[in-house]
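Chains as they are written, first to last, in the numbering used here: chain Y, 1 to 386; chain L, 1 to 386.
If you're looking for bench data, these hints aren't it; they were derived computationally from the structure.
Please note: incorrect hints may appear among the correct ones.
Copies of the same chain look alike in the list, so a pair counts if it works inside one copy or between any two.
PhoX-like mimics (lysine-lysine), calculated; alpha carbons at most 25 Å apart, straight line [stated by the list, open to error]: (1) 234 - 356; (2) 41 - 230; (3) 172 - 192; (4) 272 - 13; (5) 155 - 192; (6) 13 - 268; (7) 41 - 257; (8) 172 - 41; (9) 41 - 268; (10) 257 - 176; (11) 229 - 155; (12) 362 - 304; (13) 13 - 192; (14) 223 - 362; (15) 192 - 304.
This structure is a prediction, so every number in the text was calculated from the model and none was measured.
Number of protein chains: 2
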Amino acid sequence: MRDVAIIGIGMNKWGELWNSSIRNLIAESALLALDDAGIDKVDSMYIGCMSSGLFTDQEHLGSIGPDYAAMCPVPATRVESACASGGLAVRSAFIEVASGISDIVMAVGVEKMTDVDGAGATFGLATAADQEYEVYNGVTFPGLYSMMATHHMYKHGTTRDQLAMVSVKNHKNGMKNPLAQFRMEVTVDQVKSAVMVADPLTILDCSPITDGSAAVIVCSLDKAKAICKKRLVKIIGSGHASDTIQLAQREDISFLKSTAVAGQIALKMAGKKITDINFAEFHDCFTIAEIMVLEALGFVAKGKGGPATQDGLTAIDGKFPVNASGGLKSKGHPVGATGVAQIVELTKQIRGEADKGRQVKKADIGLAQNMGGSGASSVVHILEGV
Amino acid sequence: MRDVAIIGIGMNKWGELWNSSIRNLIAESALLALDDAGIDKVDSMYIGCMSSGLFTDQEHLGSIGPDYAAMCPVPATRVESACASGGLAVRSAFIEVASGISDIVMAVGVEKMTDVDGAGATFGLATAADQEYEVYNGVTFPGLYSMMATHHMYKHGTTRDQLAMVSVKNHKNGMKNPLAQFRMEVTVDQVKSAVMVADPLTILDCSPITDGSAAVIVCSLDKAKAICKKRLVKIIGSGHASDTIQLAQREDISFLKSTAVAGQIALKMAGKKITDINFAEFHDCFTIAEIMVLEALGFVAKGKGGPATQDGLTAIDGKFPVNASGGLKSKGHPVGATGVAQIVELTKQIRGEADKGRQVKKADIGLAQNMGGSGASSVVHILEGV
Chain Y
1 MRDVAIIGIG MNKWGELWNS SIRNLIAESA LLALDDAGID KVDSMYIGCM
51 SSGLFTDQEH LGSIGPDYAA MCPVPATRVE SACASGGLAV RSAFIEVASG
101 ISDIVMAVGV EKMTDVDGAG ATFGLATAAD QEYEVYNGVT FPGLYSMMAT
151 HHMYKHGTTR DQLAMVSVKN HKNGMKNPLA QFRMEVTVDQ VKSAVMVADP
201 LTILDCSPIT DGSAAVIVCS LDKAKAICKK RLVKIIGSGH ASDTIQLAQR
251 EDISFLKSTA VAGQIALKMA GKKITDINFA EFHDCFTIAE IMVLEALGFV
301 AKGKGGPATQ DGLTAIDGKF PVNASGGLKS KGHPVGATGV AQIVELTKQI
351 RGEADKGRQV KKADIGLAQN MGGSGASSVV HILEGV
Chain L
1 MRDVAIIGIG MNKWGELWNS SIRNLIAESA LLALDDAGID KVDSMYIGCM
51 SSGLFTDQEH LGSIGPDYAA MCPVPATRVE SACASGGLAV RSAFIEVASG
101 ISDIVMAVGV EKMTDVDGAG ATFGLATAAD QEYEVYNGVT FPGLYSMMAT
151 HHMYKHGTTR DQLAMVSVKN HKNGMKNPLA QFRMEVTVDQ VKSAVMVADP
201 LTILDCSPIT DGSAAVIVCS LDKAKAICKK RLVKIIGSGH ASDTIQLAQR
251 EDISFLKSTA VAGQIALKMA GKKITDINFA EFHDCFTIAE IMVLEALGFV
301 AKGKGGPATQ DGLTAIDGKF PVNASGGLKS KGHPVGATGV AQIVELTKQI
351 RGEADKGRQV KKADIGLAQN MGGSGASSVV HILEGV
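Isolated chain Y, as found in the complex (with noise of 0.2 Å):
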């Protein structure tokens, strides 16, 4: 295997883009990854999206991302697992560098979410759950995280307003980044008294339907040390795991297990342990997701995420600072790409590039975690600056 390091990213602006169809925010990201690499081609492309088919009527996205980023016949891959579909495809993106077949291979994440209404973004959203015997009985996947913080609660005495402080801090931390689309502070009090979505989660405790996209370009290191004229971003560790997709047939909701395994697997290729990484990008699609991934990589016991939470363990100015570009949450959550975003952001971050009152002090090795449906599929990779 070789090394393997970053030398372009792209990410365009969040939210709902009436003026983009899917194609357009594809290009979008690509060409400002290219422009960021100084390059003009890459070797191959592979492109993270959930269901451009039920949201786009558009399948083929290996077709339609090298061709309006005009690059064809240049080869391109679509990877999907569901919320994971992003990370997928940078992982898928390492491997094909790694592996010697490539050089240079850019990941795309995207998802254009607002072309279908409300009725038709859940449902496309609930795709990623157990259709035949969690979907077709009425859960939808706000219900599915419902049931995880409830048994949360009762299992490790995690509190609504520990819930609500990942909100808090993530908005604060989205606020200072231009690219977010929800960039507005938020209390603890009106996290708990906004609109009920599935109780104990309220609208402030969910992520945002937004169209979107990001990019980053991966290059041999050799190669990248010719090409690259910023600090170089290594990939060190790469994890993936898959769980079962019913939330029923776990032994325990409020574990994510693909989690677990999948950060186990990235530290050891990465050979580092979990105090080695300075900070992190979580998949907080909801709160208590974010309180459940601190407690499966690691960083804090079984049901300490919510007190570890409430003392600022991963505030931007604590110890281990947590969703720096405001998380699913204030930053949105375009499901294809949030994983791509999230190694954009580690990348900005390990660069010293991050926005003014967002940079993390200690950014030397970070970690991004990224899940699929109610944890049935997780990604997790570590990088470090050279």
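Assemble chain L onto chain Y, guided by the hints.
Okay, now just chain L, sitting in the frame of chain Y:
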């Protein structure tokens, strides 16, 4: 890059499988392939599927796959490039083993197409074409291929009978394949006088709507030598390329450029000339496609695919047998499964395990060509028995 060999293959009986859901189909071929390999687990999976979202309301096959094959937390990635999704699953598995990240990887191809009605299937398939510039203006897939056929006939003098002969040959081969969907012989007259779909293509020029799956297990060559008790089949070449998604943007709609490029890449990696190839499986989604693939890969000169078919070049007892399996036309075309089934067929032929009456005489080096949409993406593999 490490050498990669195939150690297990599996495929279910294709057709309208009312008693199977997509998860059953994945598990069925996965378990057959494990059984063929004599192992009970793999390191990871790739699942080629075009549109489980539009056909079955179920995305996130990266969880469904390992879950229903009883392999969690083994990771799985769904890959999609329309009808080339299966070929990409094999290519992704090949790259992962070649990289050294994993030793044993399964590629499963699957599509469950009959849970929607005919209009739903036509709509789902049309998402492989350009929604904004082709489909919204009324073109469906047979319409796109009818334009390609008409132009090929105009430019090269290809005859209506030559198109029909592709169908006649493939149905004759499929008769001998117990896993094929349509096991019946057809004549040139029957093809020509069948229900018209899009002039000049009748329903007997078109591949059918099919439920089915197929699986292949690839392994590092060193480990394969210890595990595999059958003839080892090496993947010696893999190529992948894109073209514009719209026909209107191409220089020549009677030539498959992405197939030509992917073929050249695969041949170069394999260190072979086109004349070294003994037999092949081509993506005959429509009869004209097989003729165009013969030309794009350079087996015959541009415009000579029709006469070569008429002269028997591609017959089972010809100099260069194509689609001994029955091809998409007779075997069926569950879109995401097709590319994997092609590799299953090449492996069977190279092992000498093909059914009586359709084993090709010289089967040491085989080629599989799989494509998406109207040729906007192509994947070519070359396999060699050792």
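Checked hints:
In this assembly of identical chains, the alpha carbons of residue 234 and residue 356 lie at most 25 Å apart only when taken from the same copy (24 Å versus 54 Å across copies). Proximity of residue 41 and residue 230 under a CA criterion of 25 Å is satisfied intra-copy only: 19 Å inside one chain copy versus 43 Å between copies. In the homo-oligomer, the alpha carbons of residue 172 and residue 192 lie at most 25 Å apart inside one protomer (16 Å), although the nearest pairing across protomers, at 68 Å, exceeds that limit. Within a single copy, residue 272 and residue 13 get their C-alpha atoms no closer than 34 Å, and across copies no closer than 48 Å, so neither meets the 25 Å cut-off.
Only within a single protomer do residue 155 and residue 192 lie at most 25 Å apart by alpha-carbon distance; the minimum there is 21 Å, versus 70 Å between protomers. Neither within a single protomer nor between protomers do residue 13 and residue 268 lie at most 25 Å apart by alpha-carbon distance, with minima of 35 Å and 42 Å respectively. Within a single copy, residue 41 and residue 257 get their C-alpha atoms only as close as 39 Å, which misses the 25 Å cut-off; across copies the closest is 19 Å, which meets it. In this assembly of identical chains, residue 172 and residue 41 lie within 25 Å of each other by CA distance neither inside one copy nor across copies; the values are 37 Å within and 46 Å between.
Taking identical chains as interchangeable, the C-alpha atoms of residue 41 and residue 268 lie at most 25 Å apart only when they sit on different chains, with a minimum of 21 Å there against 33 Å within one chain. In this assembly of identical chains, the alpha carbons of residue 257 and residue 176 never lie at most 25 Å apart, being 33 Å within a copy and 47 Å across copies at closest. In this assembly of identical chains, the alpha carbons of residue 229 and residue 155 never lie at most 25 Å apart, being 50 Å within a copy and 51 Å across copies at closest. In the homo-oligomer, the alpha carbons of residue 362 and residue 304 lie at most 25 Å apart inside one protomer (24 Å), although the nearest pairing across protomers, at 65 Å, exceeds that limit.
Taking the shortest Cα distances, residue 13 and residue 192 never come within 25 Å of each other, neither inside one copy (28 Å) nor across copies (54 Å). In this assembly of identical chains, the alpha carbons of residue 223 and residue 362 never lie at most 25 Å apart, being 27 Å within a copy and 43 Å across copies at closest. Taking CA atoms no more than 25 Å apart as the test, residue 192 paired with residue 304 passes inside one copy only; the shortest distance there is 21 Å, against 72 Å between copies.
Hints 4, 6, 8, 10, 11, 13, 14, counting from the list given before, are not met by this structure.
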